[in-house]
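Colleague: Each chain is listed here by its residues.
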Amino acid sequence: MTPATAALPWRELTTLAGSGDGEQTLVARLLAHWRAECGAGTAALYLAADDGWRLVLRDGEEPLPPLLSDPARAGLAWVQFSGALVAWPADRPGEVEAPASPLSALLALAARGLRLGHELKLRGFEADYRGVELEALYDVGLAIASTLDLDRLGEEILLRAVSLLDARRAALYLQRDGVLRLDRAFGGAAAAELDPAQEATRRLLAGGTPPPAASPLPGTAYLLTAPIAIEGVARGLLAVADKESRHGVGPFRETDERTLALLANQAAIALENAHLHRQALEKERLEREMELASEIQRGILPRAVPAVPGFELAGWNRPARHVGGDYFDFLPLPGGRLALTLGDVSGKGVAAALLVSTLHSALHLLVAENGVEPRLFERLNEHILAASATNRFITLFLADLAPATGELGVLNAGHNPGLVLRATGELEQLVASGLPIGLMPGVHYRREPVRLEPGDLLCLYSDGITEAASPEEEEFGLDRLTAQLARTRQEPLDEVIAALGRELAGFTRDAPQGDDQTIVLLRRERA
Amino acid sequence: MTEGLKLTVDRRSGLAVLYTDGYINNQGGEEIARAAYELIDQGYTRLLLNLHGTKIINSIGISILIEIIERMLQIDGRLGFCALTPTIEKTFHIMGLAQYAGIFPDETAAIAALAPGP
Chain A
1 MTPATAALPW RELTTLAGSG DGEQTLVARL LAHWRAECGA GTAALYLAAD
51 DGWRLVLRDG EEPLPPLLSD PARAGLAWVQ FSGALVAWPA DRPGEVEAPA
101 SPLSALLALA ARGLRLGHEL KLRGFEADYR GVELEALYDV GLAIASTLDL
151 DRLGEEILLR AVSLLDARRA ALYLQRDGVL RLDRAFGGAA AAELDPAQEA
201 TRRLLAGGTP PPAASPLPGT AYLLTAPIAI EGVARGLLAV ADKESRHGVG
251 PFRETDERTL ALLANQAAIA LENAHLHRQA LEKERLEREM ELASEIQRGI
301 LPRAVPAVPG FELAGWNRPA RHVGGDYFDF LPLPGGRLAL TLGDVSGKGV
351 AAALLVSTLH SALHLLVAEN GVEPRLFERL NEHILAASAT NRFITLFLAD
401 LAPATGELGV LNAGHNPGLV LRATGELEQL VASGLPIGLM PGVHYRREPV
451 RLEPGDLLCL YSDGITEAAS PEEEEFGLDR LTAQLARTRQ EPLDEVIAAL
501 GRELAGFTRD APQGDDQTIV LLRRERA
Chain S
1 MTEGLKLTVD RRSGLAVLYT DGYINNQGGE EIARAAYELI DQGYTRLLLN
51 LHGTKIINSI GISILIEIIE RMLQIDGRLG FCALTPTIEK TFHIMGLAQY
101 AGIFPDETAA IAALAPGP
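Sequences listed follow chains A and S, in order. In this text, residue positions in the first sequence follow the numbering used here: the first is 1, and each later residue adds one. In this text, residue positions in the second sequence follow the numbering used here: the first is 1, and each later residue adds one.
One thing to keep in mind: the hints can contain errors.
Unchecked claim - Mimicking DSS-like on lysine-lysine, the simulated pairs with C-alpha atoms at most 30 Å apart in a straight line are: (1) K55/S with K90/S; (2) K348/A with K6/S; (3) K6/S with K90/S; (4) K55/S with K6/S; (5) K55/S with K348/A; (6) K348/A with K283/A.
To be verified - Rough simulated footprint, nothing fancy, chain S against chain A, three-plus residues with beta-carbon under 8 Å: (7) 130-138; (8) 407-419.
The set of hints was computed from the structure by calculation and includes no laboratory data. Backbone N, C-alpha and C define an ideal beta-carbon position, used for all residues, glycine too.
Go ahead and model the full structure; you've got the sequences and the hints to work with.
Modeller: Following this line, the structure appears as C-alpha cells:
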C-alpha cells in the first residue's frame, strides 16, 4: 500500500478540520481514502475501549465485528495508531506498519482527536450520571421522609438499585419470623427465603459472594449484596446481579458497592421509621383501650353517695394507673340498712382491675343471698379462689350499718384496720378477723359488732394512703392519717377528704403515685 | 410493567410513535435503536417515544437514546419523549437529553409539537 496524497481533497479536509463538529466526517473522509489506497472493499476505524476495540466508523458494505479483541482472528489487517485501529479484511491478516505519508499522519491525528472527543463525551456522561445517582439518593431520602408505605418504598429502593447499578436482576429481602423473606424481585426469579443461620446467608450479609448454588438470584454470574441493618442487626438484604455494559454483563465496581450500601441504609431507615410508627400506633391503641377500661372501672365505683338518715357519708378513689385494684361501694340492704365496703386487690393495673370487676359482681350477688354474715366472705373466698389466678387475693372490709341505732356489723378479711375516731378523741381500730379473700380455701371469718355514737367518725382506707412515700422514701403512715383526720374531723366530709389529699400531695411532694388510694368516711351526726 | 422491553410502533403520516413497556436497558435500548434506525431508513424524520409503560431505565439505555438523538440531529429530524415518570424525566434533564429532544407530558401535546406542518 502506497498512499498517494495528491488526490486528497485538501480544501474540503481543511474546512472539516476547522469546523467545530466536522471531526467525525473528517475521519470518515480520510478512512474512505485509506480504503481506496489499500484497495479493500471495506475499512473500519476502531477506538480503544475497556473491553477491546470498538467499531466507530466503517467505509464499505462488508459487515465487520462491532467489538474486536483480536483483529487477526477476525481476518483483518490493521494499522495501529494511538488508541485507534484502522482495519480491513485481508487475505493475510496481521498488523501492517503505518506508512510514512500525509494521509497516514492525518488519519492518526484525526483518529486521536476523535478518540479524545469520545473519551470526553464518556467522562461527561459518567459525571452527569453521578448527578443522577445523587438525585436518586436524595429522592429516596425524601420518599422515606414523606411516606411510611413500606410497599412503595421497597419498590422505589429496588428499582433505583437496578437502574443506578445497571443491574439486570435484583431482589429485596426483609426479615420476618427469623428468616430473610423475599419482599420483591426484579428481572427474574429469586430464592423465596434466606436463613441467617446458614453460612451462605452470613456470607451474603457480610457483602461476600456465596457459592453459585446458594445465590439468591440463580442463573446470574455476578452478584453484589448489601445488608439492611439497624443498629448492627441485619433486618434485610438488598441484592443486585449482572452489571450490564454494551456488550453483555460483568462484575460490579467499587463505586457500585458504595451506592448499594447507601440504598440499603435508606431501606434500613425506612424500616425503622415504619417500625417506630407501628409502635406509636400500638401505644395509642393501648392508651385508648386503657382509657376505656378506666371508664368501665369508674362505672363500677358508686356515682353518688346514698343518703343515710343521721349520717354523713363520702367515698374517694384515685388509681395509680388508668385502672386500679382498689374498690369501694355502698350496697343497700333490707330494712334500710347499708353495707359500706372497701377492698384492695393485690397488684395493680389491668389484672387487678379485672379482679375488681369479678369482686364487684360476686359481692352484689352473694350479699343478697347471705347478708353481711361470715358466710358471705366464706362464699366470696371460694368464688374468688375459683375465678382468679393463684397469686391474686383481695383484702376486704365490709361494715353493715343500721342507721337507726348506729350499730355496725364488721367483717374484715385481712384489710387495714378500720379506724373509729370517737367524738371523745379516742381511736379504735377494727382489725381483721380472717385472711384475705382468695388466698387459701376454708378460711373462716367473724362478724364484729361496733356502735357509732353521735360525732364518731369511721374511716376505711387502702394502703395506698398510709404507704404513700416522700421522695426520701418515708411512708405517710397511720399516725399522720389519724392526726390529719383528727384535725379536720369537724369539717364536711368532702373537705376532710380534700384536706387529706392536699396533705398527701405535700408529703409526697407530687412524687409519682405508687399505689391506688381509696378512702370511705362515715360520720354519725350529733344529736 | 413487564421487565423485558416490549416495543410497539405506530407509523402515522410523517411521524412514528414508539411505545415502550418495560426496562430500557442495553437489550431494550438496542431494540428501540433498531426500530428507530429502521424508521429513519424508511424516511421518518419525526419520532416520538411514548414511555408510558416504562418505570425504569439504566445508563446503557440512556446512552443508546443519546445515540438515537445524535442520529436524528444528523438527519435534521426531531425526536420527542412523552409520558415519562418523574424519575425518568429528571434523569433525562440531568443527562442532557432534554436539550436535544422534546419532552412532553402526553402524546397529544407531543404530536402537536412534533408533527410536520401542512
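Colleague: Okay, the region 130-138 of chain A and chain S, do three or more residues pass the C-beta test at under 8 Å?
Modeller: holds (count 4)
Colleague: The region 407-419 of chain A covered by chain S? Criterion: 3 or more residues, Cβ-Cβ distance below 8 Å.
Modeller: It is violated: at least three residues are needed, and the region 407-419 of chain A offers just 0 whose Cβ sits closer than 8 Å to chain S.
Colleague: Check whether the Cα positions of K348/A and K6/S lie no farther apart than 30 Å.
Modeller: violated, 66 Å
Colleague: If you draw a straight line from the CA of K55/S to the CA of K348/A, is it 30 Å or shorter?
Modeller: violated, 57 Å
Colleague: Taking 30 Å as the top limit, are the C-alpha atoms of K55/S and K90/S close enough?
Modeller: holds, 13 Å
Colleague: Holds or violated: K6/S and K90/S, Cα atoms, limit 30 Å.
Modeller: holds, 23 Å
Colleague: Hinted pair, alpha-carbon criterion (30 Å max): K55/S, K6/S. Please report holds or violated.
Modeller: holds, 13 Å
Colleague: Run the distance test for K348/A versus K283/A: straight-line Cα separation, threshold 30 Å.
Modeller: holds, 19 Å
Hint compliance for this structure: hints 2, 5, 8 are broken, all remaining hints hold.
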